[in-house]
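Whenever a hint applies, use it, and build me the whole structure from the sequences.
Residue numbers (UniProt numbering), protein chains in the order written: chain H, 1 to 209; chain X, 1 to 209.
Please keep in mind that the hints were generated in silico from the structure rather than gathered at the bench. Do not take every clue at face value.
Identical copies carry no separate label here, and so any pair may be met within one copy or between two of them.
Pairs of lysine to any residue residues, derived as SDA-like cross-links and limited to a Cα-Cα distance of at most 20 Å, are as follows [unchecked claim]:
no., residue 1, residue 2
1, K207, L152
2, K54, R105
3, K207, G151
4, K27, G53
5, K207, T155
6, K27, K207
7, K54, R40
8, K207, T97
9, K54, V192
10, K54, A156
11, K27, D74
12, K27, A16
13, K27, R15
14, K27, A50
15, K207, A16
16, K54, L153
17, K207, E113
There are 2 protein chains.
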Amino acid sequence: MNAFRLPVGPPSAERADAARNREHLLKVAREMISESGVRRLTMDALAERAQLGKGTVFRRFGSRAGIFAALLDDADRTFQQQVLYGPPPLGPGADVTARLVAYGRARIEFLLEHHAIERAALDRNQQVTIAAGGMSTTHIRMLLGQARREGLLHTADIDSLAMQLAAALEGPFVMYLAPEENATAGPARRAVALADSWESLVEQVLKVQ
Amino acid sequence: MNAFRLPVGPPSAERADAARNREHLLKVAREMISESGVRRLTMDALAERAQLGKGTVFRRFGSRAGIFAALLDDADRTFQQQVLYGPPPLGPGADVTARLVAYGRARIEFLLEHHAIERAALDRNQQVTIAAGGMSTTHIRMLLGQARREGLLHTADIDSLAMQLAAALEGPFVMYLAPEENATAGPARRAVALADSWESLVEQVLKVQ
Chain H
1 MNAFRLPVGP PSAERADAAR NREHLLKVAR EMISESGVRR LTMDALAERA QLGKGTVFRR
61 FGSRAGIFAA LLDDADRTFQ QQVLYGPPPL GPGADVTARL VAYGRARIEF LLEHHAIERA
121 ALDRNQQVTI AAGGMSTTHI RMLLGQARRE GLLHTADIDS LAMQLAAALE GPFVMYLAPE
181 ENATAGPARR AVALADSWES LVEQVLKVQ
Chain X
1 MNAFRLPVGP PSAERADAAR NREHLLKVAR EMISESGVRR LTMDALAERA QLGKGTVFRR
61 FGSRAGIFAA LLDDADRTFQ QQVLYGPPPL GPGADVTARL VAYGRARIEF LLEHHAIERA
121 ALDRNQQVTI AAGGMSTTHI RMLLGQARRE GLLHTADIDS LAMQLAAALE GPFVMYLAPE
181 ENATAGPARR AVALADSWES LVEQVLKVQ
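Right, here's the structure in full:
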């Protein structure tokens, strides 16, 4: 596929190759995970299945944990796009209570689906970086600000409340659930229960009539 | 102090010695932390200050992280005693809303005070064991059950709600606050704000008139 290159010079061509390899590797990695979970996904197995050299896999991801970190980064970006620009109620356009409920439900589904990958993305010497980035805190804070402007909330300190609600949402996956409760396969009952519980928590905080 | 031992045989005497050494070492460790924080507390420094051999410190705690784990275990036990048997509203005897508020306030203070020790108690290859044990989930679940019996709460699934409220309480310290916001010295403003926010969250959940 490298014939007929346009004369853009070696750096760009190299970059395009790298990006293509990365996409291809991530796609193959996703296939392997959906077939047999995260355990079987090693650098060697990925290189073989993707029909690329081990050196290429190493250059792209650095380590086995790096593969999972890249997968997670990719998934996180997609999730953010849906929240910021996707259809309502997750995206803009629905009323604030519906958006807060939808965000929680979508986030719980995301956390459930990606928990095994998040674990695998952790290097030995990293601590508590799961669910980092604080997207939940930022987004919830924005919606609480809107709710306050609309008279649905009379809390002065929405920073603290946003932090606590974000923790209520993500914390059970990070802090309390046993690994087997974080199963990736199928719609786990616990996640459904947590999503329903999130909905009533939101309704109580926002004084829905 | 080893003169006049009663004839209880070597194991018990040895155990009494070990317990006395452990108490003494923990007391000295607490002094060192309150004087100059967790950084200066090493196995060597502790042995020297406690006027005990390095071998004794090693036998008691196994590693530097082991010292902090023992300190935390000790503090956790004291905290639990206050919750289970101490005076109200933290201990039994106050109404359920007051107890839930008091638990949150006391727990936030505890987490703030012990955060540096919790970090230091983590070994490299441990993940997310901070705030483990689930005492908050268990205690909050018990109080929510009482609130439901008293008609203050109409949630069917108090397991999920307990998990989310426990995460709301402990999560900000574990997941979101930057290390400098977790300062051990002085009453941190963030913790005061979180405690106030916890109080109104509890009042909203329990439909306080």
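Outcome of the hint check:
| no. | hint | verdict |
| --- | --- | --- |
| 1 | K207 <-> L152 | both (6 Å within a copy, 16 Å between copies) |
| 2 | K54 <-> R105 | neither (39 Å within a copy, 53 Å between copies) |
| 3 | K207 <-> G151 | both (10 Å within a copy, 19 Å between copies) |
| 4 | K27 <-> G53 | within (16 Å within a copy, 58 Å between copies) |
| 5 | K207 <-> T155 | both (12 Å within a copy, 16 Å between copies) |
| 6 | K27 <-> K207 | neither (44 Å within a copy, 49 Å between copies) |
| 7 | K54 <-> R40 | within (16 Å within a copy, 45 Å between copies) |
| 8 | K207 <-> T97 | both (10 Å within a copy, 19 Å between copies) |
| 9 | K54 <-> V192 | neither (40 Å within a copy, 52 Å between copies) |
| 10 | K54 <-> A156 | neither (55 Å within a copy, 53 Å between copies) |
| 11 | K27 <-> D74 | within (11 Å within a copy, 49 Å between copies) |
| 12 | K27 <-> A16 | within (17 Å within a copy, 62 Å between copies) |
| 13 | K27 <-> R15 | within (18 Å within a copy, 59 Å between copies) |
| 14 | K27 <-> A50 | within (9 Å within a copy, 59 Å between copies) |
| 15 | K207 <-> A16 | neither (52 Å within a copy, 58 Å between copies) |
| 16 | K54 <-> L153 | neither (55 Å within a copy, 58 Å between copies) |
| 17 | K207 <-> E113 | neither (31 Å within a copy, 34 Å between copies) |
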